[in-house]
Amino acid sequence: MEHEFSLTSETKGACLIIATSGYINNTGGEAILKEFSSHFERGTRKVVINLAHSRVVNSIGMSFLIEIIDQLNEAGGKLVFTNVDPAVDKMLGIMGLFGFAGKEKTVEDALKSFTGSSS
Amino acid sequence: MTTQEVVDRLTIQIESLQDGFELLSKAPNLKELGKSFFHLLRGNVTAVDGFVLFRNARETAWERLFGKGDATAALECVGGSEVSNAFSFHSLKDRPFAVVAVHSLHDGSHIALVLGRKLDKSGYSRLDSLTVQMLIQLFANAYQSLLQRQKEKGLVFSLNHRLLQLNSLIDTGIQLSRFHQETSLHHTALERAAALTNASYGSVTISSGWTRKERIVFPENIALKRPKDASHRIRAAFKFSGQTYAYELFDKESRTGTGPFEETDRLLLDSLARQVHAVLENHYLHLQEVEKQKIERDIAVAASIQQRILPKSLPVIPGYDLFGTNIPTRFVGGDYYDCIALNDGRFALIMADVSGKGVPAALLVSSFHAYLSAYVDTGLSIVDLARRLNAVIYGASTEERYITAVLAYFTPATGDVEFVNAGHTPVYLRRSGGAVEDIADGGLALGMIDMDFPYTSARVTISAGEQLLLYTDGVTEAMNSKEQLYDATGALKKFMESFAPQTAESFISGLLADLSRFTGSAPQNDDITAMYVMRL
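Chains A and B, in that order, are what the protein sequence lines are.
Heads up: the first sequence begins at 1 in the working numbering, then just goes up one per residue.
Heads up: the second sequence begins at 1 in the working numbering, then just goes up one per residue.
These are calculated hints, taken from the structure and not from any lab test.
Be aware that one or more of the hints could be misleading.
[To be verified] Capping the alpha-carbon separation at 30 Å, the derived lysine-lysine pairs in DSSO-like fashion look like this:
hint	chain 1	residue 1	chain 2	residue 2
1	B	K151	B	K35
2	B	K26	B	K93
3	A	K34	B	K26
4	A	K103	B	K153
5	B	K68	A	K34
Start from the sequences and build out the full structure, keeping to the hints where you can.
If you want it as structure tokens, here you go:
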């Protein structure tokens with residue numbers, strides 16, 4: 001069963017890695033956006049969101065993810081989701097997020113995917 | 001400025017306007033729109049500096065869309081400006097900025113331009129005013145286009161979300177139907193329901209009457225709060241197998257907080273609850289079917305065991321006519337009978353009934369048959385045979401299982417029969433005059449107590465024209481639809497007394513017909529077994 005939301009973040013080189021845990025709803029989405037914004041303002045343009053411990057996302061949570069994708073895309077940056085649960089994968093797919101954000105199996109794969117990226 | 005110069009400038013500006021609109025239309029947000037607009041404007045009126053300000057409505061404060069440095073002076077300049085519904089353009093005196101222009105947009109919001117001096121330090125002309133007006137109109141169109149795009153984006157999001165809800169509902173239905181653990185089923189259904197309706201949290205409460213048996217909450221470990229009002233809570237409940245399952249969701253989320261649920265949310269929750277109900281019912285029916293199949297298999301095994309050890313036919317004994325039958329019930333009662341030829345010319349007559357039904361009873365009959373085969377022709381007296389069988393059956397059976405039996409050694413030449421009745425129904429001996437005698441001497445059922453319990457035997461002689469009937473309680477306890485027993489008033493003995501058959505088989509047939517008349521349409525609930533020995 002999904003528990004209340006929490007997140008951790010770290011930076012590896014120029015990349016921000018946010019690992020979420022629990023229900024990504026309004027509270028969860030806001031927390032992710034806040035964490036992202038604090039790094040974005042300082043120039044971070046490569047972001048990984050590790051969803052390994054989040055199996056449920058509602059559409060409000062998703063709207064925060066879209067906002068992050070929008071901001072990054074406008075600034076020439078990129079967001080990559082990793083460890084996506086099949087149900088969440090389908091959800092993000094139907095909502096069209098993978099047209100604007102990447103998806104990799106692991107955080108390491110995501111970091112590799114940034115190699116060669118101009119931003 | 002000559003007419004030609006005006007025409008040339010207007011021509012350039014028209015081209016600039018076309019490019020400008022294209023640029024403004026691409027702005028992804030209001031800030032970018034403001035920025036692009038200022039650059040376009042500066043190129044057309046050659047303003048050195050300035051600010052683009054915006055406010056959502058007349059009552060709200062101005063905010064900067066674009067402009068470098070401190071905006072306080074710019075905000076002061078526009079603060080005192082009259083805002084009509086149309087475009088206004090004012091020159092400023094004794095201010096750090098030269099002009100301020102304000103325009104009402106279609107949605108009630110306003111845009112203001114506060115421009116510094118021109119590059120050539122000249123004043124703003126009428127032509128500049130017209131240019132600003134045209135460009136602001138361009139901004140207004142681009143702004144409308146931006147809002148439209150945002151609205152379309154929202155609409156696409158909303159449509160995708162509806163598609164997602166539909167898709168998830170189907171997926172969830174498939175996923176739920178595969179569940180075998182009831183708790184996981186509720187967890188998954190609750191998670192999906194909360195996510196699809198944007199509920200902040202939810203619960204499933206399983207109760208029996210007034211007693212709450214289990215509560216599952218989502219997210220896990222969250223403390224359930226009382227919602228602001230009833231519209232912030234939706235509920236779908238169903239009853240199954242004496243329990244009530246109530247799914248509840250609380251506080252529909254939006255980016256600005258929580259609010260009431262919509263009718264669609266209620267429908268979604270109802271639909272998921274119905275799916276869970278169907279899964280529980282199907283699971284219950286499946287378990288019933290599995291149990292039924294297990295019972296059917298057990299019955300088939302038991303029947304097969306029993307039928308294998310029952311005699312295909314009884315031996316032919318000159319001067320006698322023997323016939324036996326076993327009519328098993330659907331549940332296999334564990335009856336056994338036989339007539340076994342011994343090496344010394346005698347025969348062993350056996351009628352037995354194992355307590356209980358099904359495979360355990362059939363297995364014990366099988367053991368009894370094996371022990372009997374081992375000991376019956378070893379020269380033991382009938383009492384010792386009974387004692388020996390009691391000991392081995394006691395060791396081979398569980399506490400609640402035992403065997404009632406009639407064991408007899410029969411000498412055809414003399415008609416002598418020595419019986420031990422081990423807790424079984426009495427043997428009936430019909431004398432030539434028609435009177436029927438009971439033979440019940442013996443002891444406890446076999447396998448009941450292992451205390452070397454003394455069995456006693458009874459001896460009778462069958463003379464010409466006399467008959468013996470051995471049977472199980474399936475005959476005497478056959479029941480009719482009024483739940484009356486066949487032998488409650490001694491019907492069996494009366495039947496035997498009144499019926500003088502030509503053959504042993506005709507006696508058994510007559511007895512079965514009498515039983516059938518008595519029981520009518522009531523189902524047979526125990527094996528019916530009987531063996532008839534006639535001395536000719």
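Hint check:
| no. | hint | result |
| --- | --- | --- |
| 1 | B:K151 / B:K35 | holds (22 Å) |
| 2 | B:K26 / B:K93 | violated (36 Å) |
| 3 | A:K34 / B:K26 | holds (27 Å) |
| 4 | A:K103 / B:K153 | holds (22 Å) |
| 5 | B:K68 / A:K34 | holds (26 Å) |
The structure fails hint 2 only (numbered hints given earlier).
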